[in-house]
Amino acid sequence: MRIEISGLTKTYRGGVAAIDDLDLAVPTGMFGLLGANGAGKTTLMRILAGIVRPTSGRVTVGEHDLGTGAGRTAVQRDLGYLPQDLGVYPDLTARQFLDYVALLKGMDDRTVRRRRVGELLEVVALTEHADRRLRGFSGGMRQRVGIAQALLADPQLLIVDEPTAGLDPEERIRFRTLLSQFAGRRTVLLSTHIVDDIGQTCQEVAVLAKGRLIFRGTVEELTRRAEGQVWSVVTDGPAPTEGTVVSALPHDDGMRYRIVAPSAPRPGARLLEPGLEDGYLAVAAGRGNASRHPAAPPGRRP
Amino acid sequence: MTAFVASLRYEFRMQVRKRTVWIVPALTLVLFVLIGGSLLRDLFDPAERPVDPRTAVVGLAVQLNALLSIGFGCLLADRLIRDDRLRVASILDATPASPRARLLGKYVGVAAATAIPVSVAYFGFAAAYAVDTGEPRALGWALAAFGALFIPGLLFVAAFALAAPLVMPAPLFRVLFVGYWLWGNVVSPDMMPTLARTLVHPLGGYPLAAFFDFHGIDGQDTWAGPIPGATLNALRPDPTPALAWLSIVLLLIIAAAVLAGGHALRTRRIR
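As they're listed, the protein sequences go chains F and R. First residue of the first sequence: 702, per the working numbering; consecutive thereafter. First residue of the second sequence: 93, per the working numbering; consecutive thereafter.
Honestly, the hints are just simulated from the structure, not real lab data. Since we're looking at a predicted model, the values are computed, not measured. Mixed in with the good hints, there may be bad ones.
[What the hints assert, rightly or not] Examples of chain F residues toward chain R, derived with CB under 8 Å:
| id | residue |
| --- | --- |
| 1 | ILE752 |
| 2 | VAL753 |
| 3 | ARG754 |
| 4 | GLY758 |
| 5 | PRO784 |
| 6 | LEU787 |
| 7 | ASP792 |
| 8 | VAL802 |
| 9 | LEU805 |
| 10 | LYS806 |
| 11 | GLY807 |
| 12 | ASP809 |
| 13 | VAL813 |
| 14 | GLN850 |
Ideal Cβ placement from N, Cα and C applies to all residues, glycine included.
Let the hints inform the model, and build the full structure from the sequences given.
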């Protein structure tokens, strides 16, 4: 299910432009969406989920135009959505909550619905807790209920916004695997701050900043944007102020800093192989090596 | 239809499980009896109770409707806004279910659940009265009074209780609602402007007068029609059965309009 976005703008009351003339094509498979807070990721996902209406522009999902009521409803029939700020009804059990959402998704057949709810409770390892009220669930358990509700109708389009927030490392890995297995011939749009989640699951990725597309390409291409810009600096003095500090580790001679900067931040700095996070930071800082490694973005503003 | 039924079913289930839905009306009744609530005790006193079973159960309906509707409205005040407060709204809004059908299901579901203790109290007292007096007709009158008085009035209150907290904090709505209820139902219209005895009186003045020929327990009260010197007399024509139906329909139309307004407001906000 391919998503085509052209000239998309969303301006909230007060004149705040959350999305600004965005062009983006999302192919079938896992697709990552990166960006700082306020970059417009959540607004974009809410538009794709049919919750928020764009101010202008066009979005098609498969054959359906999200600008029409019929199009939105058709997309929502094939949609699984896990919002960033997930909430549940504390007075329902996990099974009842899933049953309620399944009914709203149009799963009328009780037998099919119950079987699907049972399967998904098993998938997210909540079978033992299925008949407990959600009031007593931990954040991670609620997140798993959220994941289950997103998968209820076997969606062709799955939109997940910060899905691994609140999950412990094992749950995170399990969820990533689940998403990858699920993707197949479906479209999964994964928005996250955790760059590693994108690296482990997505082949293609887009980076948003201030509502605009600043990168679109493969994970490898994004990584290469930091080529020649990742440095290791060991110092017992203050942290280097040049570039962006990616990490700081205690070292025998002081601290070892990993820094993304266009040139050596200190004499003796050692050039390192870039990682995905370095590429993201280079692009976010406007220093990506676009000329040396064209990312073949199809949008108007790569 | 599925969205309406699903929403109705689960909203009913969640609301009916709330302990306050049962505690608030129970405490209200206990307090009312303790401070000398007339009919609740007089119904079982052969010397004090009305002779006519219709007057007895319709009078009981007026008292319970006036009393328990206050808690009813207050208990519903968080039901619509809580979807946003609990952060469930995004999940529901992303389903293909019609938002209007979901709202209607929620409205009917939570109103029905909150009305259960009210109906248990009313039919409980009416049944006890019927047994005590050997007057089974009392149950028939109770059913009629419930349909003509309680249901339109509670639906009217429920619409405001769901929608008003979209534009003000729920606790403020509760305070204003209690004030409105006392103003609209207790204060005499010739003392200050009030909706009492008008066509949009949620206690059902016109059905009381035209359907049940009810003039109070002692037969001295007027429940509908013009009052010399009062404002809003344009809304107080002389009662007839047709106007009683009109009064019920008006209450339901206003409730529908308030709900539609709430829906439009919420839609505008999220989009």
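Legend entry - Interface hint status, ASP792(F) versus chain R (Cβ within 8 Å): holds (5 Å)
Legend entry - Minimum beta-carbon distance criterion (8 Å), GLY758(F) to chain R: Hint on GLY758(F): violated, closest Cβ of chain R at ~15 Å, above 8 Å.
Legend entry - Hint validity - VAL753(F) Cβ closer than 8 Å to any chain R Cβ: Status holds, d = 6 Å.
Legend entry - Minimum beta-carbon distance criterion (8 Å), ARG754(F) to chain R: At 5 Å from the nearest chain R Cβ, ARG754(F) passes the 8 Å test, so the hint holds.
Inset, instruction - Could you check if LEU805(F) really has its C-beta closer than 8 Å to a C-beta on chain R? - result: Status holds, d = 4 Å.
Legend entry - Interface hint for VAL802(F), Cβ within 8 Å of any Cβ on chain R: holds (6 Å)
Inset, instruction - Answer holds if the nearest beta-carbon of chain R is closer than 8 Å to that of GLN850(F); otherwise answer violated. - result: holds (6 Å)
Inset, instruction - Go through the hint on LEU787(F) and say holds or violated, using the shortest Cβ distance to chain R against 8 Å. - result: holds (6 Å)
Legend entry - Status of the ILE752(F) interface restraint (C-beta, 8 Å, chain R): holds (5 Å)
Legend entry - Hint check: 8 Å Cβ-Cβ cutoff, GLY807(F) to chain R: With a minimum Cβ separation of about 6 Å from chain R (threshold 8 Å), the hint on GLY807(F) holds.
Legend entry - Hint status (Cβ of ASP809(F) to nearest Cβ of chain R, threshold 8 Å): holds (6 Å)
Inset, instruction - Please verify that hint: PRO784(F), Cβ, nearest Cβ of chain R, below 8 Å or not. - result: Constraint on PRO784(F) satisfied, holds at 4 Å.
Going down the numbered hints, you'll see the structure goes against 4 and 13, while the others check out.
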